[in-house]
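S.K.: Take a look at the letters that make up each chain.
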Amino acid sequence: MSDANFEKFKTCAVEVLQVDESAVVPDARFADDLDADSLDLVELVMALEESFDITVEENELEGVETIGQAYELVTSKL
Amino acid sequence: MSDDRRVVVVTGASRGIGAACAEAFARQGDQVIGLSRSGAGPGEDIEHWAVDLTDPAAVDAAFDAIEAAHGRLDVLVANAGITKDQLTVRMSDDDFTSVLDTNLTASFRVMKRALKKMIRQRSGRIVVVSSIGAYMGLPGQANYAASKAGLVGMARAMAREVASRSITINVVAPGLIATDMTSSLGEERLAQAAQQVPAGRLGEPHEVADVVTFLASAQASYVTGAVVAIDGGLGMGL
Chain F
2 MSDANFEKFK TCAVEVLQVD ESAVVPDARF ADDLDADSLD LVELVMALEE
52 SFDITVEENE LEGVETIGQA YELVTSKL
Chain Y
15 MSDDRRVVVV TGASRGIGAA CAEAFARQGD QVIGLSRSGA GPGEDIEHWA
65 VDLTDPAAVD AAFDAIEAAH GRLDVLVANA GITKDQLTVR MSDDDFTSVL
115 DTNLTASFRV MKRALKKMIR QRSGRIVVVS SIGAYMGLPG QANYAASKAG
165 LVGMARAMAR EVASRSITIN VVAPGLIATD MTSSLGEERL AQAAQQVPAG
215 RLGEPHEVAD VVTFLASAQA SYVTGAVVAI DGGLGMGL
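Protein chains in written order, with our numbering: chain F, 2 to 79; chain Y, 15 to 252.
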């Protein structure tokens, strides 16, 4: 896991989800641990798309429930 | 130029209800950008841009430019609309779909684009201009009625999606308002129609704008998903 990329990812998550930096860990679940609703997730995707200059399709988000899974999806596109 | 005035975008601002709304916001001291096919319109302090709202790339470019120039988007009035009246059995598919494209699909497009910005800001006001025709279903207006009724459901779906972000989306349903659109009915039919209005007269565009500016104000923070009739009582009970 590249530190620089994860830091960038974390910045987006902290800003959009309004959570503490320490909560953004690979195992954290969006709904249960980070209290994120569906609109929060859409916002996070939009922020990540902009920050990493990538495009995420709707169907790629299926089954993405944790920070780790989302980070993996982002890095798979770099 | 950056300042703390609200940034207001009005579609269909070249004339009629849209022009009246643009002028009303400008009078309040808001920065107003009017989007219309012609790019014409009243008001020295209103920026009028020519944009074909049925062209997704043109809409994106316009909103990119607005966001670059002003940094924020506080209010959207989705007002642009056309009529192509014809009795159903004589109405072509093109007449139907082109009215839907301009009145409903283009509204979806600008609202979606505005919401992306407003969600991030965690604030915003959208006012959609529907019509009494949405629920009266006047003869010759199968296309127009479908588009204006569609706006109500669409606005309410969106209102639910973004209500938690301090964004409100409301609909106004004007009745017979004295604009170019209604004057195409002809003087005789208009006079006849005015007799059906409890208020006994046509409405003026500024009377619609007064309600729109209220719904877009801080005072209307707990009003969302509402359909407000502005029709002199014509639609009572519908």
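Please note: incorrect hints may appear among the correct ones.
Distance condition first, Cα-Cα at most 27 Å in a straight line; then the derived BS3-like pairs of lysine-lysine [stated by the list, open to error]:
(1) Y/K131 - F/K11
(2) Y/K98 - F/K78
(3) Y/K130 - F/K11
Ranges of calculated distance between the beta carbons of each label pair, as one might list FRET restraints [stated by the list, open to error]:
(4) F/D54 - Y/G151: 22 to 30 Å
(5) Y/R136 - F/T76: 22 to 30 Å
(6) F/E16 - Y/S197: 46 to 54 Å
(7) Y/S235 - F/S23: 31 to 39 Å
(8) Y/Q100 - F/T56: 29 to 37 Å
(9) F/E58 - Y/A75: 19 to 27 Å
(10) F/T76 - Y/S235: 39 to 47 Å
(11) Y/D78 - F/E8: 25 to 33 Å
(12) F/Q70 - Y/D194: 52 to 60 Å
(13) F/A5 - Y/D17: 52 to 60 Å
(14) F/E8 - Y/S137: 35 to 43 Å
(15) F/F7 - Y/D194: 52 to 60 Å
Calculated from the model, a selection of chain F residues having no Cβ within reach of chain Y, i.e. all distances over 12 Å [unchecked claim]:
(16) A5
(17) V17
(18) Q19
(19) P27
(20) D28
(21) A29
(22) L40
(23) D54
(24) V57
(25) E63
(26) G64
(27) G69
Derived from the structure by calculation, the hints contain no laboratory data. We treat Cβ as the ideally placed atom computed from N, Cα and C, and that holds for glycine.
S.K.: Now tell me if each hint is right for this structure.
M.R.: Results for each hint:
{"no.": "1", "hint": "Y/K131 - F/K11", "in the structure": "21 Å, holds"}
{"no.": "2", "hint": "Y/K98 - F/K78", "in the structure": "47 Å, violated"}
{"no.": "3", "hint": "Y/K130 - F/K11", "in the structure": "21 Å, holds"}
{"no.": "4", "hint": "F/D54 - Y/G151: 22 to 30 Å", "in the structure": "48 Å, violated"}
{"no.": "5", "hint": "Y/R136 - F/T76: 22 to 30 Å", "in the structure": "29 Å, holds"}
{"no.": "6", "hint": "F/E16 - Y/S197: 46 to 54 Å", "in the structure": "51 Å, holds"}
{"no.": "7", "hint": "Y/S235 - F/S23: 31 to 39 Å", "in the structure": "34 Å, holds"}
{"no.": "8", "hint": "Y/Q100 - F/T56: 29 to 37 Å", "in the structure": "42 Å, violated"}
{"no.": "9", "hint": "F/E58 - Y/A75: 19 to 27 Å", "in the structure": "23 Å, holds"}
{"no.": "10", "hint": "F/T76 - Y/S235: 39 to 47 Å", "in the structure": "41 Å, holds"}
{"no.": "11", "hint": "Y/D78 - F/E8: 25 to 33 Å", "in the structure": "28 Å, holds"}
{"no.": "12", "hint": "F/Q70 - Y/D194: 52 to 60 Å", "in the structure": "55 Å, holds"}
{"no.": "13", "hint": "F/A5 - Y/D17: 52 to 60 Å", "in the structure": "37 Å, violated"}
{"no.": "14", "hint": "F/E8 - Y/S137: 35 to 43 Å", "in the structure": "29 Å, violated"}
{"no.": "15", "hint": "F/F7 - Y/D194: 52 to 60 Å", "in the structure": "58 Å, holds"}
{"no.": "16", "hint": "A5", "in the structure": "24 Å, holds"}
{"no.": "17", "hint": "V17", "in the structure": "9 Å, violated"}
{"no.": "18", "hint": "Q19", "in the structure": "10 Å, violated"}
{"no.": "19", "hint": "P27", "in the structure": "26 Å, holds"}
{"no.": "20", "hint": "D28", "in the structure": "26 Å, holds"}
{"no.": "21", "hint": "A29", "in the structure": "21 Å, holds"}
{"no.": "22", "hint": "L40", "in the structure": "7 Å, violated"}
{"no.": "23", "hint": "D54", "in the structure": "16 Å, holds"}
{"no.": "24", "hint": "V57", "in the structure": "15 Å, holds"}
{"no.": "25", "hint": "E63", "in the structure": "20 Å, holds"}
{"no.": "26", "hint": "G64", "in the structure": "22 Å, holds"}
{"no.": "27", "hint": "G69", "in the structure": "25 Å, holds"}
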